[in-house]
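J.: Add chain L to chain Y, keeping to what the hints say.
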Amino acid sequence: MKKVGNHNSITRKLFLGVALSLIFSFTSFAQEAAAVAAPDAAAAPAAASGGDAAKGKELFNANCAACHKLDAKATGPALRGIASKYEMAWLYKWVKNSSDLIKSGDAQAVKVFEENNKSVMSSFPQLSNADIDNIIAYTSEPKAEVAAPAAGGATAVPGGPVADSGISNNLILAALALVLVVLVVMLVLVNKVLSKVAKANGIVVEPKAKTTPIWQAFAKNQFLILVTVIFLLLTSAYYVYGFFMQVGVDQGYEPIQPIHYSHRIHAGDNEINCKYCHSAARVSKNGGIPSLNICMNCHKNIAEVAETTATPEYSKAFYDEQIQKLYTAVGWDQATQTYTGKTQPVKWVRIHNLPDFVYFNHSQHVTVGGIECQTCHGPVEEYEIQKQFAPLTMGWCIDCHRKTEVKMEGNEYYTKIHEELSKKYGVDKLTAAQMGGLECGKCHY
Amino acid sequence: MSSNKKYWKSVEELDQNSSIVEALRNNEFVEEIPNDEFLGNSDALSSSSTSRRDFLKYVGFSTAAATLAACEGPVNKSIPYVLQPEQIIPGVADYYATSVFDGFDFANLLVKTREGRPIKIDNNTIAGAKFTANARIHASILSLYDSMRLKEPKIEGKDSTWSAVDAKIKSSIADAKAKGGQVVLLTNTLASPSTERLISEFVSKNPNSKHIVYDAVSESEALDAFELVYGERALVDYDFSKASLIVSVGADFLGDWQGGSFDTGYAKGRIPKAGKMSRHFQLESNMTLSGAAADKRLPMSVSAQKQALVHIYNIVTGSSVSVKLEDKFKSEVTKAAQQLKAAGSKGVLVSGIQDKNAQLLVLAINQALASESFVTAGLRQIRKGSASNVSQLVADMKAGKVHTLIMSGVNPLYTLADSVSFQEGLKKVKTSVAFSLKEDETALLSTVAAAVPHYLESWNDLSLVKGTYSLTQPTIRPLFNTKQFQDVLLSLNGTAGSFYDYIKNTSSSIISGSSWNKVLHDGVFVSTVPTVGSGSADYSAAANALAATKVSQGLELVLYTKTGLGDGQQANNPWLQEFPDPITRVSWDNYVTVSNADAIKYELSNEIVANGGLNGSYATITTADGLKLENVPVIVQPGQAVGTVGLALGYGRKAALKEEMMVGLNAYSLYKGFNNVQSITLAKADGEHEFACVQGQKTLMGRGDIIKETSLEIFNTKDAHIWNEQPMVSLDHKEVEATKVDLWDSFDRSTGHHFNLSIDLNACTGCGACVIACHAENNVPVVGKSEVRRSRDMHWLRIDRYYSSESTFEGDNERKENIAGLTSSLSTFNEMEKAGDNPQVSFQPVMCQHCNHAPCETVCPVAATSHSRQGQNHMAYNRCVGTRYCANNCPYKVRRFNWFLYNKNSEFDYHMNDDLGRMVLNPDVNVRSRGVMEKCSMCIQMTQATILKAKREGRTIVDGEFQTACSNACSTGAMIFGDVNDKDAEVAKLAADDRMYHLLEHVGTKPNVIYHVKVRNT
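Each protein sequence line maps, in turn, to chains Y and L. Residues 1 to 445 (UniProt numbering) make up the first sequence, in order. Residues 1 to 1018 (UniProt numbering) make up the second sequence, in order.
Just chain Y, with the same shape it has in the complex (with noise of 0.2 Å):
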């Protein structure tokens, strides 16, 4: 197995506690100075055009986010700043209905058209005059200075608390070790304080008398070497036997991929479905890697994440970057919003290895036993790195097996053999084991 590297290793979190109370005190003064500036800048446009930002924020997200986007071209222009070029009522009638006014010969119309790889814009009849400019005055805000020092790699926010309690655990650890100096000094000192008070009294202190030392006591009792041998011999038969059973037990592999991809961003804070990018369990025996054109579903518009997404462990260019490599990966230009068609496969590095004379099969266990994903595969939507969780050996899948009962309501297949078994055992419900599941050549052909 490829040894790799432990991202949480102590001594990496040391470092960016360290760092991060460094940059602690000034980056918060910083935000702050952004945070008075940014309403200044935007008053001014917003005012211009009667619009309310806030509301068209919200009309923003609802209507135009799924093309647009303020600072970057997606399927549609970069909108920032839209009203400087264009008129206003022209707009209204572009946002309207823009193929009619394409068809109508537009002169600008036109051209805005064929700029943007000849898609037609949907048309918003439903928005009034008065959304379009709370969108327009949404659109004209500045844009915001980003806050944080690219270069460290994460966000004040977040950063804080780590900081705070390395502090408060170092103070207190301190404290204590103090504490006990000062105990240890104590006793030093009343035992001399207490020897010198017996001096003065006379009283002499016996000393003992010379017994024979443990260990040669032990070493002359052949009864007791005995037992420890035996002792000695069964815990470390135990512990070898131990290790070769972990020979080929990959749990908690976690390998370096490709591209760094997190589960916690996208099963954890976006709750994406599990079965939305492996869909091919619901039907397959494999769990199924996604094809690159399944990412593309939604990174077609999401070139770059939030801020609140960086930890301090990644900061938003890293996971920005990995976003960079997918689209190399599939040959999508940014600039264009087009596919080049150069692409490169990306060569994920297998984490769940079974080896080949087993037979699993996804569909079994997830469309027809209906069991989560995350009950072999752990807490994925936690997961930054995706590791082994299980460790897919043979007594692990059997315990289950003996345990799972079967869910058979509603599927006709079980209809009748549920009758008959559970006569036939005298339960009501019946597990995989009473199905059948032990069975050697269920698994292994």
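There may be inaccurate statements among the hints.
[Unchecked claim] Derived lysine-lysine pairs resembling DSS-like cross-links, with alpha carbons at most 30 Å apart:
id, chain 1, residue 1, chain 2, residue 2
1, Y, Lys442, L, Lys601
2, Y, Lys423, L, Lys77
3, L, Lys346, Y, Lys423
4, Y, Lys275, L, Lys77
5, Y, Lys424, L, Lys346
6, Y, Lys424, L, Lys205
7, L, Lys1006, Y, Lys424
8, Y, Lys429, L, Lys983
9, L, Lys205, L, Lys401
10, L, Lys816, Y, Lys316
11, L, Lys341, Y, Lys442
12, L, Lys112, L, Lys168
13, Y, Lys73, Y, Lys57
14, L, Lys466, Y, Lys416
15, Y, Lys407, L, Lys983
16, Y, Lys387, L, Lys504
17, L, Lys949, Y, Lys275
18, L, Lys346, L, Lys205
19, L, Lys77, Y, Lys325
20, Y, Lys300, L, Lys210
21, L, Lys401, L, Lys268
22, Y, Lys442, L, Lys384
23, L, Lys205, L, Lys504
24, L, Lys77, Y, Lys342
25, L, Lys57, L, Lys77
26, L, Lys328, Y, Lys347
27, L, Lys816, L, Lys1006
28, L, Lys904, Y, Lys347
29, Y, Lys423, L, Lys1006
30, L, Lys1006, Y, Lys416
31, L, Lys740, Y, Lys424
32, L, Lys401, L, Lys427
33, L, Lys949, Y, Lys429
34, L, Lys893, Y, Lys442
35, L, Lys242, L, Lys112
36, L, Lys427, L, Lys205
37, L, Lys112, Y, Lys275
38, L, Lys816, Y, Lys403
39, Y, Lys442, L, Lys168
The set of hints was computed from the structure by calculation and includes no laboratory data.
T.: Below, chain L without anything else, positioned relative to chain Y:
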């Protein structure tokens, strides 16, 4: 006490003066040990700075390093699609309907693909798809992944590009036009409306060109006869299911006669229903599959067959052409003819005699009978070749008349008898182009070797039977830089678009009432199928001419095609090479089959030698023209007509073959004038040939309970226990049925599924499609000739062939019953070991019997083999330690041991040793390693997949859904698989049938494979 004994060290001490005694006094050995020679270059050794200690250190270090390195597992990569095609889900199989015709074999297929690669061929069962895959078609999937395929076009032996090839052909055709030379397209029979249209366009564009059709194994005479009578070049697609009496004169219609694929219809009439089944007379020289299935078989030479045919013609039509039929045949042939006449429209006669007159008589007899099998039959388009046209071409080539020769799907330098003339002619041809899958004999000597894709990578359309239309579609992207012959023709014609567009265009006028997508999905489209019409010719003249045929001198050599290799196109296919011939059970060879009488006459013999292998004499065959084929191995074949010998075509290829596959001798060199009967002389040659034969024993020695046989008369009139006798054993000194006695308590097997496989010996023709299908499904390895000879073949499913010693099996049984006393038993059994001169033949497919009380399970020390509730006997390979106790305790000898590692091992250089060949492996089945026992699993991966599908869809399983690879491949319906706990299932009814019996029932193994008593309509 001192001893005066003298100890002798050697006999030399007797001689006091011997120098050896002196030498031995000081040395251990008489001669000096050649130390210097042993040490090699001693200078280099002594100058080396590596001392013995250093050497040991290095050894120790490298061992430790290797051990440490072994602790790390490999890093496996998973590479998903960038853009996943909509219809492909990794881990789920897709099926595509397609059809194949390679100039010899044809079928309507379903191709199973996994992750975009075809891995298995199944039969298309949709209505209208009537041609099922034979063993060769099942194996053709492996030919797709043949590492010896031509990977790119070559011009004069050098790698080239397609644009260069196109330019070369175009300029050559232009040059031919300018110089007035001929342009000839030499192809196999195409049966493709689009390709034929394309060629006719080519011919009309180039008036100096012509198209010649060449079939390696010719049916020219039958085609000529049919053309004469009906004005159309076609073969009759006989429907044997409508016949109650079948007379075959030298036609192996269960083999490759006129393309084969008649077995489905034939088998329908062979299963006794309401006391009736068809009767089958077979007059033939070689022992064939049809002869084995026949109720009455008459071994006779081809010249005698001709007389017999005229005799039958006389009786059926009431003519009186004089015939010279030997008396020993006369009564039997007369009986057959009279029964045929009595059967009238329910009778049919077929013949494989390569003689136009004989084929005319076949038409005359069937017309006279108004035979339903004949009259209602369609017209096969799968052979069109004309022997005379090909001969004319060779003459033209030799005369230098042919300027450009474009060949597709043919290999005349291998398949032509007169390949020397063809080669001479080829030298005079300015440009020759060979479109070929392989760089075969012809492609090697052609100017351009054009690499074509395999049929699983190509588009095509086929009209196998007139009025039907089927499509061939690619199931994988072309593996190599190949181009279809048709695409090149399109560019030569200057037609725009691909051949796919062209087919679509052609099909629009054919598939009226359906759509392209529907036909592509179904694989076939059937409009009105024209039947054999009416026509006539001068039959009596033909009869007279046939009766007057001179009997040739010497032995008659009858050339045939083997079930395994056929015409030899797939000679580089290890599955087919290792496939044991159904009759002789010999793999990896062709050989001359001689009758016992002739063997004695020419002092030829077969014997089983000490290691269990079969050895045979060599013979030299000399034809009337002095052509020789030397050192042909000999098999003494029971049932071979005296005075005839058989030899299979399709072997002895050398070009584009792995060394292991270069076996046998090329019999095409004797295929003079496309006549499969040649007059020859035979002479014994020196030496012994080592065969790889998988079955040593020939007869059942009267053990009628292994293959139970009875006659239709007894079957109809007597009780089941008479013709399907239950074995009895003694329990408490009382005779009880063996099945009622048991050592163990039985488990309750009434819950859930319980699988049974039913094999009807009446319907089994021994075609072997199941054997190859099993190979493909279960990743069964190929072990090679020398291993097969050591009885280490790995076939999970074998088809045992038994001959009777007397003229019938019943006779054997009686003879055994009548043995009295020890001496009589010894001598009788000795005689019964030998097969009769015209024996009855029975086939019995045997795979793991999945015994409910399995002897193998109780002896396994590690419980690697165990029984399941579903009736399957499981084999956990990862648990097996290879003691082979199970194989020793198996009464059926169906367990196979991996004596070696057969994959990724250059010692076994077959498909599992190269990346390309391994693409055929079924990803759902384990590839076994060395030291592991394996056996038939009753395709548990298929039953489990069926169960899972039903579970996922939340429904019960309907009968017919459960299949195994063998039952799927069986085109005759001999193998039926299913769940006996489903009372409505066909297999449950078969298990309750009177004809049902278990193999070696008295052993008490209670198998889950059931057989049905063979009934012969004698």
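J.: Which of the stated hints cannot be reconciled with the structure, identified by number in ascending sequence?
T.: 1, 2, 3, 5, 6, 10, 11, 12, 14, 16, 18, 20, 21, 22, 25, 26, 35, 38, 39
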